[in-house]
Amino acid sequence: MIAVAVDPAPIDIGAEYAAIAVGGAGGIATFAGLVRADDGVEALTLEHYPGATEAALVALAEAAVARWDLTAARITHRVGRMVPGETVVFVATAARHRAAALEACAFLIDRLKTEAPFWKKETLAGTERWVEPRGSDDVAAARWNDAL
Amino acid sequence: MIAVAVDPAPIDIGAEYAAIAVGGAGGIATFAGLVRADDGVEALTLEHYPGATEAALVALAEAAVARWDLTAARITHRVGRMVPGETVVFVATAARHRAAALEACAFLIDRLKTEAPFWKKETLAGTERWVEPRGSDDVAAARWNDAL
Amino acid sequence: MATEILYFAWVREKIGTGAETLDLPAGLTSVGDLVAWLAGRSPGHAEAFADPARLRAAVDQTFVPLDAPLGRPREVAIFPPVTGG
Amino acid sequence: MATEILYFAWVREKIGTGAETLDLPAGLTSVGDLVAWLAGRSPGHAEAFADPARLRAAVDQTFVPLDAPLGRPREVAIFPPVTGG
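Residue numbers (the numbering used here), protein chains in the order written: chain A, 17 to 164; chain B, 17 to 164; chain C, 598 to 682; chain D, 598 to 682.
Among the hints, erroneous ones may be present.
Distance condition first, Cα-Cα at most 16 Å in a straight line; then the derived EDC-like pairs of lysine to aspartate or glutamate [claimed, not checked]:
{"hint": "1", "chain 1": "B", "residue 1": "Lys137", "chain 2": "C", "residue 2": "Glu610"}
{"hint": "2", "chain 1": "C", "residue 1": "Lys611", "chain 2": "B", "residue 2": "Glu144"}
{"hint": "3", "chain 1": "A", "residue 1": "Lys137", "chain 2": "D", "residue 2": "Glu610"}
{"hint": "4", "chain 1": "D", "residue 1": "Lys611", "chain 2": "A", "residue 2": "Glu144"}
{"hint": "5", "chain 1": "A", "residue 1": "Lys136", "chain 2": "A", "residue 2": "Glu58"}
{"hint": "6", "chain 1": "A", "residue 1": "Lys136", "chain 2": "D", "residue 2": "Glu610"}
{"hint": "7", "chain 1": "A", "residue 1": "Lys136", "chain 2": "A", "residue 2": "Glu102"}
{"hint": "8", "chain 1": "C", "residue 1": "Lys611", "chain 2": "C", "residue 2": "Asp648"}
{"hint": "9", "chain 1": "A", "residue 1": "Lys136", "chain 2": "A", "residue 2": "Asp54"}
{"hint": "10", "chain 1": "A", "residue 1": "Lys137", "chain 2": "A", "residue 2": "Glu58"}
{"hint": "11", "chain 1": "A", "residue 1": "Lys136", "chain 2": "A", "residue 2": "Asp28"}
{"hint": "12", "chain 1": "B", "residue 1": "Lys136", "chain 2": "B", "residue 2": "Asp85"}
{"hint": "13", "chain 1": "B", "residue 1": "Lys136", "chain 2": "C", "residue 2": "Asp648"}
Hint data in this document are derived by calculation from the structure and do not stem from the laboratory.
In isolation and in its complexed conformation, chain A is listed as follows:
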């Protein structure tokens, strides 16, 4: 019902989708985050905290299942080097009814941005720079606090 993965291999959307579409779901919501070529970004390299990352993703998925009536929740996050157009993260939720799936999917990606120990480094024009956290991510994550 809950599955999380952190993997340097490209995310296989078809396999992810097949894995979530089981168990009597009436609605499946997904969100994919892709590398954008903003400002001439040539590559993105993702670093993480092995062990703690997986635990954080499981905790997030468990929080979603506890809060909404889900039949399944999956979080797959890529690490290592990737180029524009590639998928960094894929979140999927399944539920009997659509509102639960849609809300839980948004919750997972918002919270993942601020709670899971990943760090992004951009490569552009041959140089590298660490991505700074965005205040808007904190705002997005905090909106889920209200109704807890």
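Here the structure of chain A is known, so what remains is to put chains B, C and D in place on it, guided by the hints.
Below, chains B, C and D alone, put in the same frame as chain A:
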């Protein structure tokens, strides 16, 4: 950028996904509605209003693009007979930023439920019955009126 | 001018056809007037249109309430509330 | 008891290593005390830890504020705010 389809063929999620994941999107949100086997439902048959349906779906997609900063929006709705586990509808939105993709995806499926001329008939225990509209769908669709 | 009248879902089933082409009489002001007139065409029509609160309509593919003016449409569709998605 | 100290992202880069195993001295009460002590180990440490407001920490893989009590951890990680997803 906008694509809608009404088709008796099974929805090919992989092809849908490939079609939305273009054009510099940073986030892709999708929602799939599946046939549930509730109360022993054996099949669902979808009827629609040819011409008016496609126009309604295009109008919905255009409303989403006008309201959010989307790079693409797709709505694919199956018609005819389908069995539990099959996909009835697939909505996908792509945007530079995730909030736009997630909100527009929820908007499209909520509004489609009340504004697109489809009708569902359930087959169970050899008998057929037309699905009654749900008040909760009207509520879900109306929540998007507030900020227009 | 003949008008194409379309029926969907259980409205279609009760009437027994999905479409009929009719010359509308003068004096039908609203969509509801048309529905009342159509109800007299057969027992099936009468049953389909017995409760106008359960009906929705589109005039020339634009969704309208039953009290909307009818005008001189090319196509009118009568159907139950939609249940797609 | 030796403690495993982990560094990530630019903290790791400035220090030049992702992990070191250290015997912590007595008297380190909070995570912030540990960071201040670590800052004295090398110019790289000092640079990495120059602005504690830019640092986050986890003690035995539980995320904590820098003023959290240190206790006797097996593993402490020091890193910038996360930027995944």
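Hint consistency between A:Lys136 and D:Glu610 [alpha-carbon to alpha-carbon, up to 16 Å]: Given pair A:Lys136, D:Glu610 holds - Cα atoms ~13 Å apart, limit 16 Å.
Pair hint A:Lys137 and A:Glu58, alpha-carbon separation not exceeding 16 Å: Holds, at roughly 11 Å.
A:Lys136 paired with A:Asp54 [C-alpha distance capped at 16 Å]: holds, 14 Å
Proposed proximity, A:Glu102 with A:Lys136 (alpha carbon, max 16 Å): Holds, because 14 Å separates the two Cα atoms, which is no more than 16 Å.
Straight-line alpha-carbon gap B:Lys137 to C:Glu610, limit 16 Å: The given pair, whose Cα atoms are some 12 Å apart, holds under the 16 Å limit.
Proposed proximity, A:Glu144 with D:Lys611 (alpha carbon, max 16 Å): Holds. D:Lys611 to A:Glu144 sits at ~14 Å (cutoff 16 Å).
Given pair status - A:Asp28, A:Lys136, alpha carbons within 16 Å: violated, 21 Å
Proposed proximity, B:Asp85 with B:Lys136 (alpha carbon, max 16 Å): The given pair, whose Cα atoms are some 32 Å apart, is violated under the 16 Å limit.
16 Å Cα cutoff - pair C:Lys611, C:Asp648: Holds, because 13 Å separates the two Cα atoms, which is no more than 16 Å.
Restraint status (C-alpha distance of B:Lys136 to C:Asp648 at most 16 Å): Violated, because 20 Å separates the two Cα atoms, which is more than 16 Å.
Given hint D:Glu610 paired with A:Lys137 - CA-CA distance at most 16 Å: holds, 12 Å
Hinted pair A:Lys136 and A:Glu58, Cα distance within 16 Å: holds, 13 Å
Checked against the numbered hints above, the structure breaks hints 11, 12 and 13 and satisfies the rest.
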